[in-house]
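We have chain H already, so just place chain V on it with the hints.
Just so you know, the protein sequences line up as chains H and V, in that order. Going left to right, the first sequence walks through residues 1 to 479 as the working numbering numbers them. Going left to right, the second sequence walks through residues 480 to 621 as the working numbering numbers them.
Calculated from the structure, these hints are not laboratory results. Treat the numbers as computed from the prediction; the structure is a model and nothing was measured. Glycine included, every Cβ here is placed at the ideal spot set by N, Cα and C. Take the hints with a grain of salt, since some may be wrong.
[Unchecked claim] Among chain V residues calculated to face chain H with C-beta under 7 Å, some are:
1. G595
2. K601
3. P603
4. N606
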Amino acid sequence: MKRAHYDLVVVGTGFASSFFLKKYLSKAKPDQKILVLERGHFYPHEERLKAKRKEPTDYQKYEEPWEKAINNHSTYKKWPFTTGLGGCSNCWWGCTPRFMPNDFKMKTLYGIGEDWPIDYDDLDAYYYEAEDLMHVSGPEGTPFPRVGKYPLPAHEFSVVDKILHRKYGNQYISQPTARASRSTVGRNRCMTSSTCDTCPVNAKFTIENSNLGVYEDERVELVYGAQVYSLEFVGDMVKKVYFKQEGKEQSIGGEVIVLGANPFFNTNILQNAGDQNPFVGKGVGEQLGVQVLIYLDNMSNAGGSTWVNANGYMLYDGDHRKDFAACLMEVSNAPYYIRLERGKYLNIASFRLLFEDIPLDDNYVKHTANKFVPDVFHTKRSDYTFKALDNMKQKLPDILSCLPVEKLKFLDPFPNEGHIIGGTRMSADPKLGVVDKYMIHHQYRNLFVLGAGAFTTYSASNPTLTLSAMSLFAADKVF
Amino acid sequence: MDRRKFLILTGVAIGGVAIPSSVFFVSNSVKKYAVLFIERELDYLILEPGSVVKYVDEYFTQTNNLLERVKWKAMYYLHVGWQKSDQILELIKYYLLSSDFFINKMDESKMVKYLGLYSPYKSPVPNPFAYTLHPPSEIKNG
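Isolated chain V, as found in the complex:
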């Protein structure tokens, strides 16, 4: 996810345009494969039941790349991973940023709960790198 895409997702891109909600219609099939992608890529984490579905529902109301979506089923069965698809990379990154995963200091033993789409203007999730989660006293000298 580059900065520009991030800004679009968080609704802060300069000169953004309003997009009618009808444009955001995504078939259940596409959403199904988006959920499967997340569950497969993060199979080592304990994902709260139902939370990925809720995330995917809300994620697709915020993005507008329809052309790429139709390929998702094929990508899933071809075992394309996030390493080869920016779309999948963004989907999964944004899922982690929208969850309590970083608040819990990336503790894989804790269940990952969806907290609402990541937004510096609305969500409780801070920057995963920053002092709010990693105070200066915890930062080693390298």
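Chain H with its partners taken away, still in its complex shape:
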């Protein structure tokens, strides 16, 4: 570290931190001093590709198995995530639908959970900005309010997509995605490989290929291998950040502190620091994902230009959310779903159905005697979610009645969706959450706690675009 004290100390380099910094740097004075502490290292995409090709690379030593970074106490849940520069941008699959406006008002409209202290309109301008920064590909005409074209054209439909779009209009759209539909700055066109965690052709937005410019900014000092584990509270302020680097425990001072690690570690840092807020660590979870294979009679489902071609909203919003969860359909044409019957190889479609869940106290993060490795407990799904699963199984045949369906095959629920949500929930009332609408801690007013941990409720939609927009919003409104 070049200094003992910084204007801003940021923990983590994933979406939440990077988009926050992008906006902050656009407003900060030229002499501002910013320290970024990243627990991992820079593992370039080119080197990740070598590892996938089983070629030697010195960088593979930087891969940190998620199973060793947390104590996962669930028998049915997995929580894959990536550490290092760019965080989970290195393993996400690039799905960027916006939330629906009603996702922010679950209590008022449906009597479920709590309302967010922000709404769709608050985030609208920042959604556009995040979409521009990610060069999102998407259609004109969406189920959520959005005017104009996306930065890149929509991906191509398959045969099944065309039929469903014709029937359902903007309730069935080409998926808005950060998997490029055209070559763009720093990225190639998606080749539909369906192995998006490490994109074979670098078509997916990552922090590394983003051209955000935040870590090249002269005001920013980026330190790798620095694992933050606690904070020093003095009164209602954070004075220091504690971390370990190269086996040595250290601390650094800051005027403003930003926790942008994933929800498990943001929670762990707060608990280690002695935060007594009862909601810290509570209600962690994610959507429930179930795959259904749709066998088609005498219809090839060829076409499509990315892994998830389309999103269906036919089971998403409405009064049913008083009783059971929203469901977002992700429609994909992945190579592993080809059929083997002679002449029917491509006569299949596959839907991944994402069901929102609600934050339950039974699902939580708890710091341990090992200050670096928290316990993660996920002990149950809500009945609200399971009822939606049952409803989907009843409704889907009718929804698909415009297709020549031979049979439907439902697969077992996935153990993960790659979305870690909750643990530092946002609330208007300090008694009902950890952070306020700007993701500033209700008690420690120089502390931001960013990311999907701040979501008040989960939504059925993929979280990354929304958490990125929230970071832009917070930095814009506060500085």
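Frame of chain H, contents of chain V only:
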């Protein structure tokens, strides 16, 4: 083949572990029946001579389900097909994905040639559904 198994086969599963090559030893008998399965299930295709053997050799260096393998001989003689065995389903699906079958637009009159184990990171075989093989101009309105 589900997504998880596919990711393991293509070497991209998150949190995968390195497995010593000695673990991959498979008897010639097992490989023989794997070849026979493919040839029987795809008997309507013209398979390039020797290519299935080469594929099976390479396939078994990438998978690690030893317990299931020992049943293959029995499954072959009991006429168990891919409809009842995920192992056989995966073996045959992965063979087609590793060949030029989809590049040739599933033309059964053309000889099927093995191009190397399917991998988005190495092989020339694209997603069989996608625009690279089926450009938008060819996609009907359904």
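Hint by hint, which ones does the structure fall short of?
The structure breaks hints 1 and 3; every other hint is satisfied.
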